[in-house]
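Asks: Next come the chains, spelled out residue by residue.
Protein chains: 2
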Amino acid sequence: MRFTLEDALPVLSRTPAVVSSLLTGLPESWTRGTEGPDTWSPFDVVGHLIHGERTDWIPRTEILLTHGESRTFTPFDRFAQFEASRGKTLHELLDTFAELRAANLVRLQSLGLTPDDLERRGRHPELGPCTLRELLATWVTHDLSHIAQIARVMGRQYTDEVGPWRVYLPMLG
Amino acid sequence: MRFTLEDALPVLSRTPAVVSSLLTGLPESWTRGTEGPDTWSPFDVVGHLIHGERTDWIPRTEILLTHGESRTFTPFDRFAQFEASRGKTLHELLDTFAELRAANLVRLQSLGLTPDDLERRGRHPELGPCTLRELLATWVTHDLSHIAQIARVMGRQYTDEVGPWRVYLPMLG
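Line by line, the protein sequences give chains A and B.
Note that the first sequence covers residues 1 to 173 in the numbering used here.
Note that the second sequence covers residues 1001 to 1173 in the numbering used here.
A portion of the hints provided could be inaccurate.
As the list claims (entries may be wrong) - A few chain B residues facing chain A, derived, Cβ under 7 angstroms:
no., residue
1, F1003
2, L1005
3, L1009
4, A1017
5, F1082
6, L1113
7, P1164
No wet-lab data here; the hints were simulated from the structure.
We put the CB at the ideal spot given by N, CA and C, even for glycine.
Whenever a hint applies, use it, and build me the whole structure from the sequences.
Replies: Structural data, given as structure tokens:
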């Protein structure tokens, strides 16, 4: 499937509702559980998605469009959410994510990107040259990957509870 | 995390909304894409969830409570959705799933299950003896596993589009 803005936007716009419908109002045993030491809870993942809205997808799009390959993207902090989410409720984080995502999609659409723009190039600090198409396709895939992660982390809370069915549930590992 | 009905019910009741928010109104390129031959699209997964509502979780709960280990559960047909979903729209399937799930949760709650009931045993045609606790924990985990699958199948439609970022996205395989 070739990336187009027309296909990508409806997925990007749905993610806050998907994450909210997965998590809103659940007991903390679901939202704060992890897969073990140094792994993330659903709460941590929402904080990570917020940090992406603030520092990754649209800021990098703007760097790419303004500076091309001459300016390397600012490195992304994969651990920023542990400090930034401290003291906040999950409900607050979900609201923040929804607001930032909506604003970022307005910014994206206001750029009036053409198919040619999607082939413009920027520079990732570790991965090197990349196109705007690749950056925006990664935004979509990154969303879906973290939705899958939230569902997996939740499901694994019951790894010891499903008894013999575990062999039918490869997600449990 | 120990299985309790109190924790399980809010997850089971959210699944139709989660799946609808992921899929409603998306182009068929998202909803009908698979991971390759003999793998399932999101459309196929919703049909499978419907078949589970009709023949698996609550029917097996009722067999277990009525007959214990003396009656083996009816085998589950993992491919029933290919015939049953034929000619239907995704929107119809999502509505059917939501209706069946809501009705099944009413049936589950009407059983007035006690903690002792959760230890009652039934017999799976392949896995052998199992408890009601294990069956119901599997229902929850199965939901989450298929939510993760839908997100993964969608994300993999862009495997060739993310360029160098693929190394950061283990979900793409």
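Asks: Does each hint fit the structure? Answer for all of them.
Replies: How the hints compare with the structure:
1. At a threshold of 7 angstroms, the smallest CB-CB gap from B/F1003 to chain A is about 4 angstroms, leaving the interface hint in force.
2. With its C-beta approaching chain A no nearer than about 12 angstroms, B/L1005 sits outside the 7 angstroms limit, and its interface hint is violated.
3. For the restraint placing B/L1009 at the interface with chain A, the shortest Cβ-Cβ distance is roughly 11 angstroms, beyond the 7 angstroms limit, so the hint is violated.
4. Given the 7 angstroms rule on beta carbons, the hint for B/A1017 holds: about 4 angstroms separates it from the nearest Cβ of chain A.
5. A hinted interface residue such as B/F1082 counts as satisfied when its beta carbon comes closer than 7 angstroms to some beta carbon of chain A; here the least separation is about 19 angstroms, so the hint is violated.
6. Annotation: interface hint on B/L1113 violated; nearest CB of chain A at approximately 15 angstroms, more than 7 angstroms.
7. Look at B/P1164: its Cβ gets to within about 4 angstroms of chain A, closer than 7 angstroms, so that hint holds up.
The structure is inconsistent with the numbered hints 2, 3, 5 and 6, although it conforms to all the rest.
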